[in-house]
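Asker: One line per chain: the protein sequences are A, B and C, in this order. The numbering used here numbers the first residue of the first sequence as 1 and each following residue consecutively. The numbering used here numbers the first residue of the second sequence as 1 and each following residue consecutively. The numbering used here numbers the first residue of the third sequence as 1 and each following residue consecutively.
No lab work stands behind these hints, which were simulated from the structure alone. Glycine residues also receive a C-beta, built at the ideal position from the N, C-alpha and C atoms. Hints are supplied without guarantee of correctness; some may be wrong.
Taking lysine to aspartate or glutamate pairs in the DMTMM-like style, the calculated list, with each CA pair at most 25 Å apart, reads [unchecked claim]:
no.	chain 1	residue 1	chain 2	residue 2
1	A	180	A	259
2	B	279	B	308
3	A	158	B	163
4	B	49	B	436
5	B	301	A	120
6	B	277	B	291
7	B	175	A	159
8	B	49	B	411
9	B	300	A	159
10	A	410	B	306
11	B	300	A	411
12	A	158	B	307
13	A	410	B	291
14	A	158	A	411
15	B	49	B	400
16	A	158	B	273
17	A	92	B	47
18	B	279	B	400
19	A	158	A	385
20	B	193	B	181
21	A	410	A	387
22	B	279	A	159
23	B	175	A	120
24	A	410	B	312
25	B	277	A	409
26	B	168	A	47
27	A	158	B	312
28	A	158	B	304
29	A	410	B	293
30	A	215	A	238
31	B	301	A	159
32	B	301	A	47
33	B	301	A	270
34	B	99	B	181
35	B	300	A	229
Covered, in the sense of this in silico footprint (three residues per stretch, anywhere, with C-beta under 8 Å from a C-beta of chain C), are these stretches of chain A [to be verified]:
no.	stretch
36	321-335
37	407-419
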Amino acid sequence: MIRLQSLTRLALAAAFAALPLRAQEGGQEGSTGGGEEAAQAPTDDSDARWFAIQGGDIYTGTGAVLRGATLLAKNGRIHAIGYDLDVPPEAKTLDARGYRLYPGLVAISSQGLLGNASGDFRDTIDPFHFRMVLGLATGITTTGVGSSVVKLKRFSVKDAVINERVFSTFAWSNNNPRGKSELRDKFAAAARYQREYREWQRKVKEQKDLPEPSKRGIDNNVLAVLNGDTTAKFSTNDRDELLGVARLAQEYGFRPVVEGCQEGWTIADELGRAGVRAVVTPRARRTKDERQVFDGGSSIENAAILHRAGVPVAITPATEGVDLGGLVGRDIMHLPLEPGFAVRGGLPERAALESITLQPARYLGVSHRVGSLEVGKDCDVIVTDGDVLHYKTFVQWAVVDGKVVYDKEKELFFAHIRPRPEAEAPRKIDAGETPPKPEAEDGEGEGEKKDDAGGDERRGDDEPK
Amino acid sequence: MLRPQTFLLGALLATPALAGGPLAIRVGRAETVGKGVIENAVILVEDGKIVTIGEDLPVERGIPILDRPDWVVMPGLVSCYTRIGLDSEGGEDVSPDVKVTTEIYPGSRDLRKVVEYGVTTLGVYPAGNGIPGLAAAIRPRGDTLAELLLRDETYLKIVMRSDAPSKKRVRDAFKKADEHDEKVKKAREKWEKDKKGGAKKDEKPEEKKMAQGEGDEPSAAATQDAKADDKKSDGFVPPAPDAKSRAFVALRQGRLKALPTFASASDWLHWLDALGKEKIGFDVRLVLNQDSDLFYVFDKKTYDLEEDGIGDRKVHAIVEPLLTFTPNTRRVRNLPQELAKAGAKVCFTPRSDDLANYKAWLAHVGELVGAGLARDTALRALTLNPAEMLGVGDRVGSLEKGKDANMVFVDGDPFQPATRIQAVMLDGRFVFGEVDL
Amino acid sequence: MSFRRTISAVATSTLLWCLAALASCSSSGRAPDLAPLRPGEEGLAIRCGRVLTVDDHDRAYGPGLILLKQGRIAYVGPDRDVPEGYPVEERRDLWAAPGMVELHAHVHGTMGDINDMVFPVNADLRASPTYVPGNRALRLACAGGVTTLFGIPGSGTSIGGFGITFKSKVRGATYDGSVVQDPGGMKVAQSYNPERRAGDLGATRAGLSWILEQWSEEARVANREGRVEPLLENLQKVHARELPVLIHSAGSDGYPAAARMWHAKYGTRAILSHGCFDAHLTAPWLVAQGVPLNVGPREIDFFSTRDGAITGTAARYLEAGAKDLSLNTDSPVVPQEELFLQGAVAARYGADAYTMLRAVTIAPARVFGIGDRVGSLEVGKDADVVLFTGEPLDPRSRVEVVFIDGRVEYDRRQDGQWF
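Using the sequences and the accompanying hints, generate a full structural model.
Answerer: Next up, the structure:
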C-alpha cells in the first residue's frame, strides 16, 4: 500500500517536474510591487510572510494532480508546490489532509460581490460585505466587474483591483444594419491609421519633419482593440450576428470575447478560425428561428462543440448576482454547477474547470496572476471537501494572497451543513455577544487584558491549524 | 443649617446670594467619573466652580447646605455631536471654513429643554454631507453667542462613505493644503532672499496685517495657535491660508481634529486609504444601524486587518446607545461595549436630535449597561470622554475640584429606568428642579 | 434482505451509489416474468452497469438486467441470461433509474391557460382541455428523465381546478396515449398568491378559508346524503378520498393552516406543496401530523429566519422525520427538466442525496396514489426507465435513453441531445 502510494507520488512528481517548482527569487515578484524585495539580497526572508497548505490533493488547474502535497506561499505568491518542501517554522499552516486544493475560481462577470461598489472599485469596494463572503464560499477569488478585474480580498481595500479597462463593448445586431456598417467602417479607418502610423514611425527616423498621420475620425476604442490594449466584447446569440462578428474579427485580426453565443454550436468552426472566445451559459434557452433552414436555437452541447472547434469557453451562470430568494442553482453562488451542464453536453471535465478558472482569467488579462496553481502566481486557493464541480462539494477554506479569508466553519452561512469532523461546533457567539460580564474597573479599554486574552483564544480558532 | 424653606427655581436663581455665593451640597453618592465613586459626598460650589468635593466633609458655619441623602450626583451630560436647536440644511459641499457658530441661536427653546434632561455641554456641528465645516462646544444657557461659546473650532466634520466622491473630497482638500504649503515655501524663499539682500523692512508688517485679517475669529483655536507658532519663528510671517485650505492646514499642523463619520466597516478602510500618508488627529463618529458591520474594524487583530482598527488608534468614537445585530441574524451585539474593549474612547450621543431621545438618553444607555456595558464606561461615555473630545475636558465632564459646577442630580442609579432627574446645576446655578433649601 | 442504506449512510453520495450497486438480491413483491417473449409481444432487455430500483429496500444491482414486456417491467435484478425472444440493449456504461415524478407542473399546456380568474373557487374546472401532449417543455422534461407529471392550474384562485396526471411521451404523443388519470387530483392555493388576485371575498386569508370551507361543507353534505352535485362532482371525490389534493402553500403561517384544514379537519389525501420561506420552522408539527410534503421550487431559506444560516428546507423537513418527502419544480418556475437538480441542491444544502433521488421518484408517486404504477423499477410496474451516464442527480450525468411504458421516447444517439 505504502509502496503504491509512493509510486503514484513519484509518477505525479515526475509529471509535474515540467513545471518550474520554485519561484526565481525576486524575479516575477519584482515585477509587481515587490520591487524593494527584488533589490534586496535574495536570501533575506526575515520579513517574508509564509503560508503553507499541507497534505491536500492539489488540482493545479493545468491538468496535474499532486496527492497529499504541500503548497507553500511567500508574501502572497505561490513559492513552491510539491512534496517534502522546507516549510519555514514561522509559516502559518493549514492542514488540508483529506481535502482538495483548486485554484480560486474566476467569475468572468458578477454583480454585488464587492458590496454596493460601483465606479472606481478602489474607492468603493466593501471588503466586509456578506455577498463577498458568499462569493468566497462559492470559491470565487477573482471576478470581472464591468471592465475591471477585482480580487475578493476580504478585510482590505488595497490592491484588490488587478486589471482595468479590459473590455471595450461593441454592438453587432441584425436589427441595426447601419450600426454594423458603421462599426466596420470604424475598424477600416482605424486599421488604415494604424498602418500609416507604423509607416510614419519607421520613416520619421530619417525624415524628421514628416508630419504624424492625423488621428481625426479614428475611434479610440477600436484603435485600442487593434493595438491589443483592450479586448472587444460583443453580446450576441444569433448565428448570423456571430458570423458577422467572426468575419470582422478575422478581417482585422483581433480576438473578440462574445457573451451568449447560444447558436455558436452551429458555426463553431467559423468561430474557431476567427479566434472568437466565448462566454456561455450552458442552460440558457433559445428557440430556433423556424424560418431558417440552418441549425439554430440553443443546445446543451454548445460548450462542448465550441471547445472541440478550438473556441475557448468561459462559463457564467444565468444570474450573475447572488440570489438568496430560494430558487437555487442558477446564480453566481452556484457558479461551479453551471459547467456541470456543459459536461453533460460533452465538454471534458478539465475544460469545464478551466471555464471558471483559467479561461476567464485569460479573457480578463490576469492569467499571469490567477486561474491556476503555479509557482509565481498569486496564492489564491480554495480547499474543498470534494470535486469542485460536484453539487455537494463545499468550499471549506478560501485563500486570497496567501491569507485565509473564508472558513466555512467560522461563518454562519453554511457551517451547519455537514460540518467538518475536526471542526468545533460553529461559533454560536460572536465577539461582543458574550454574555454580559463585568468589565475591568477602569472601564475604558486600556486595562482590558483579560478580554484581550479571550480575543486571543478566538483568534486561535480562526487560524488554520 | 438653614431653616427649611422652599425655593422655586425662579426664586432660587433670583437670589443673588445663592447665584454666586458658596453652597454646600450633601448627597448619598457622587459619581465623579474622574475620581471614582464617593459615598455621602459633600460638594462645595462657589462662583460656578466646584471648590471641593469629598466624603462627609465638614461644612463651615454660614454656608447653606442642600442635604439630599437619597440623591446621586453625576457630572452634567455632554452631548458632543448634535444639531439640537439648529435648523440650517447642508449640501454635499466642501466648506471646511463654515463655522457652526454662525447659526447658533441662543434663544432656542430646544437648547433650554435639553438642560432638563441633564445636558450641560453640547458639541454642535454644521449640517451637510460633504465636509460641512467646523463644530463648536457650547453651554446651553446664555443670551449671547459669547456667553454660550465654550470653544470654537473643536472639530472638522467630514462625512466619509465608501465612495469615490468622499475620498476625492479628502484628497483634494489636502492637495489644496499642499498648494498653500507651496505658497508658504515660495514666500519664505522670497523673504529670505529679500532679507539677505537687505530688503525694505516695511514689507513685513503689511504681510502680517493681511494674515491677521484672514483669521479673525477671536476664539478660534486654529488661528490662535498659529499666532503662537509665529512667535517662535524668526520673524517670517507666512501668508494666511485661504478659506478652503485653512482647516486642512490646521489639521496637518495638529491644531485641529477631524471627525469623519462612518456607517460601515469599509468606510474606515477607505478613510485610511484616502488619508494615505497624512498624519492628522481625528476622532470618529460611527452611525449604527441594525446590521452594522463596524465591528470588523474595531481592532486589527481579530480579523487580521492590514490596517489599524478604530480601537487601536485610541480615538474617541461617538456612537448612539443602540443594541444591534450580528448582520443577517437576530443575535444581539453591544457594539459600544466591543468598541470600548477594542480601546476606543466611547462617547455617547442621543439616538437622534429629537427631544424624546434626549429625554430617554440615560435610559437608552441603561439598556446597553443591562446588556453588559460596564457602568464606568457608560458614565464616562456620557461625560468626560465627550468633554475631552470637545477639548473642554479641563473644564467639564467630571466632578473635580476647580471644574465647572455642572451637575445632574438623580434619585437612584442613573441607568435604572425608574430613576428620574431631580435637578440640574449649570455653572453653579440650579437651572432645573425644585430645590428646597 | 439487508437494509443497504445503513452501510452507505457514512459514505459520500457517489460512494453510496457504488455500495448500493453491490447488492445482489432479486425479486420484489411480484414474481418476475422470465417467460420467453412471444411473437407479437413488445419487449426489450436492458443490461446496465448499475440499476437503481429505488424500491422499498433501495435495491441496486451492478451490473443489472431489466426486462421490459408489454409496457411493464417483467424482471429487474442482477444480470442473468436473457429469456428467448428479447432484443438486448447492451448499455453497461449506463445507470438505470426509474423515470422521475413531478407533482407540481404547469407545463402541460400553454402558460396562457393556467388560471381562470373569474371565481375564487373553480371546483369544476379541469386542466385537461389545456393539455398539449408532447409540447416543447414536455420534450425537455422527457429528455431530463421526468416521465410522469401532475399538470395543474396555477395558484391565482383558491381552487384552481383539477389537474391531469400524464406521461411525458413525445413520439406521436396523444391525450389517450399519455394520460394516466384525468382528473388526477385537485389544486388548491392557500396563502401566498390567491389573496392577491381573487374576487371581492377572498382578499384575506380569512375570506379565502371561509370560501374553501363553504364549498367543502357542501361537497361533504352531498357525500353524506349520497347525492352527486353536478358542479361538485370532483370536489366530492376529493372529500371521499378518491382523488388527492395538492395544496399550494408556504410560510410558517400558511403551511400549518393548510394542513389543519385539508389533512386534520377534512382528512383528504392532501399533499402540501411548496413549503417555502419559513414554513420549515413548523416542520416538527407538520411531520407529527403525517401530512405529505412536496417541497419546492424554493429550496433554501435565508431571509425569513434571520439566523445567519442558509437553510436547506428539505433538509429541515427530513431532520424532523418527514417520510416520503417529495420535491417539485413548479415548472416553468424551475425548468421541468431540472427536477433532478432540485434533488441535487436539496442534497447540497443538507439532505441525504439518495433520499433526494427518492424524493423525485417513488416518494411523489406514492403520496399521490400512483406508487403502484410508477416511481420505482419493480416487476409489474410501468416500464418507465431512464438510462443515465452516471449518478442521476449530478448535472454532469447525461440522460441517454428514456423508456415510457416500455417504448423509447428519447434516445440521444438518434434524437440528438435535447438536454
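Asker: Does each hint fit the structure? Answer for all of them.
Answerer: Cross-check of the supplied hints:
Using a Cα cut-off of 25 Å, the hinted pair residue 180(A) and residue 259(A) holds, with the two alpha carbons roughly 17 Å apart. Between residue 279(B) and residue 308(B) the CA atoms are separated by roughly 14 Å; this keeps the pair inside 25 Å, and the hint holds. At most 25 Å may separate the alpha-carbon atoms for a hinted pair to count; residue 158(A) and residue 163(B) meet this at roughly 14 Å. For the hint linking residue 49(B) to residue 436(B), the alpha-carbon distance of about 21 Å falls within 25 Å, and the restraint holds.
Under the criterion of a C-alpha separation no larger than 25 Å, the hint pairing residue 301(B) with residue 120(A) is inconsistent with the structure, at around 28 Å. As the CA atoms of residue 277(B) and residue 291(B) are separated by approximately 32 Å, the hinted pair breaks the 25 Å bound. Distance restraint check for residue 175(B) and residue 159(A): the Cα-Cα separation of roughly 23 Å lies within the 25 Å cut-off, and the hinted pair is therefore satisfied. Restraint check for residue 49(B) and residue 411(B): the C-alpha separation of about 23 Å stays at or below 25 Å, so the hint holds.
For the given pair, residue 300(B) sits about 18 Å from residue 159(A) by alpha-carbon distance, which is consistent with the 25 Å threshold. Of the pairs offered as hints, the one joining residue 410(A) and residue 306(B) holds, with about 20 Å between alpha carbons and a cut-off of 25 Å not exceeded. For a cut-off of 25 Å, the pair hint linking residue 300(B) to residue 411(A) stands: about 19 Å separates their Cα positions. A hinted pair counts as satisfied when its Cα atoms are at most 25 Å apart, and residue 158(A) with residue 307(B) qualifies at roughly 10 Å.
Of the pairs offered as hints, the one joining residue 410(A) and residue 291(B) holds, with about 18 Å between alpha carbons and a cut-off of 25 Å not exceeded. Straight-line distance between C-alpha atoms of residue 158(A) and residue 411(A) comes to about 23 Å, which keeps the hinted pair within the 25 Å bound. Distance hint between residue 49(B) and residue 400(B) is fulfilled; the C-alpha atoms sit about 9 Å from each other, no more than 25 Å. For the suggested pair residue 158(A) and residue 273(B), the alpha carbons sit about 8 Å apart, so the restraint of at most 25 Å is met.
Restraint check for residue 92(A) and residue 47(B): the C-alpha separation of about 64 Å exceeds 25 Å, so the hint is violated. For the suggested pair residue 279(B) and residue 400(B), the alpha carbons sit about 34 Å apart, so the restraint of at most 25 Å is broken. Distance hint between residue 158(A) and residue 385(A) is unfulfilled; the C-alpha atoms sit about 30 Å from each other, more than 25 Å. A threshold of 25 Å between alpha carbons decides the hint, and for residue 193(B) with residue 181(B) the separation of about 18 Å falls inside it, so the pair holds.
For the proposed pair residue 410(A) and residue 387(A), the alpha carbon gap of about 22 Å is at most 25 Å, so the pair holds. At roughly 22 Å between alpha-carbon atoms, residue 279(B) and residue 159(A) fall within 25 Å of each other, so this suggested pair holds. A C-alpha spacing of about 20 Å is found between residue 175(B) and residue 120(A), which places the hinted pair at or below 25 Å, so the restraint holds. Taken as a hint, the residue 410(A) and residue 312(B) pair is honoured in the structure, with Cα atoms around 24 Å apart against an allowance of 25 Å.
Simply put, residue 277(B) and residue 409(A) have alpha-carbon atoms about 37 Å apart, too far for the 25 Å limit, and the pair is violated. Note on residue 168(B) and residue 47(A): the hinted pairing is violated, with a Cα-Cα distance of about 33 Å set against a maximum of 25 Å. Under the criterion of a C-alpha separation no larger than 25 Å, the hint pairing residue 158(A) with residue 312(B) is consistent with the structure, at around 19 Å. Simply put, residue 158(A) and residue 304(B) have alpha-carbon atoms about 14 Å apart, close enough for the 25 Å limit, and the pair holds.
Restraint check for residue 410(A) and residue 293(B): satisfied, since their Cα atoms lie roughly 16 Å apart, inside the 25 Å limit. Of the supplied pair hints, the one linking residue 215(A) and residue 238(A) is violated, its CA atoms being roughly 34 Å apart against a limit of 25 Å. About 20 Å separates the Cα atoms of residue 301(B) and residue 159(A), which keeps this hinted pair within 25 Å; it holds. Under the criterion of a C-alpha separation no larger than 25 Å, the hint pairing residue 301(B) with residue 47(A) is consistent with the structure, at around 18 Å.
With a CA separation close to 56 Å, the supplied pair residue 301(B) and residue 270(A) exceeds the 25 Å bound. Between residue 99(B) and residue 181(B) the CA atoms are separated by roughly 23 Å; this keeps the pair inside 25 Å, and the hint holds. Pair hint residue 300(B) plus residue 229(A) does not hold up; C-alpha atoms about 39 Å apart against a cutoff of 25 Å. Given as covered by chain C, the stretch 321-335 of chain A passes the check, having 7 residues with a CB less than 8 Å from a CB of that chain where 3 are the minimum.
A stretch counts as covered by a chain when three or more of its residues have a beta carbon under 8 Å from one of that chain; for the stretch 407-419 of chain A and chain C the count is 7, and the coverage holds.
When each numbered hint is compared with the structure, violations occur for hints 5, 6, 17, 18, 19, 25, 26, 30, 33, 35.
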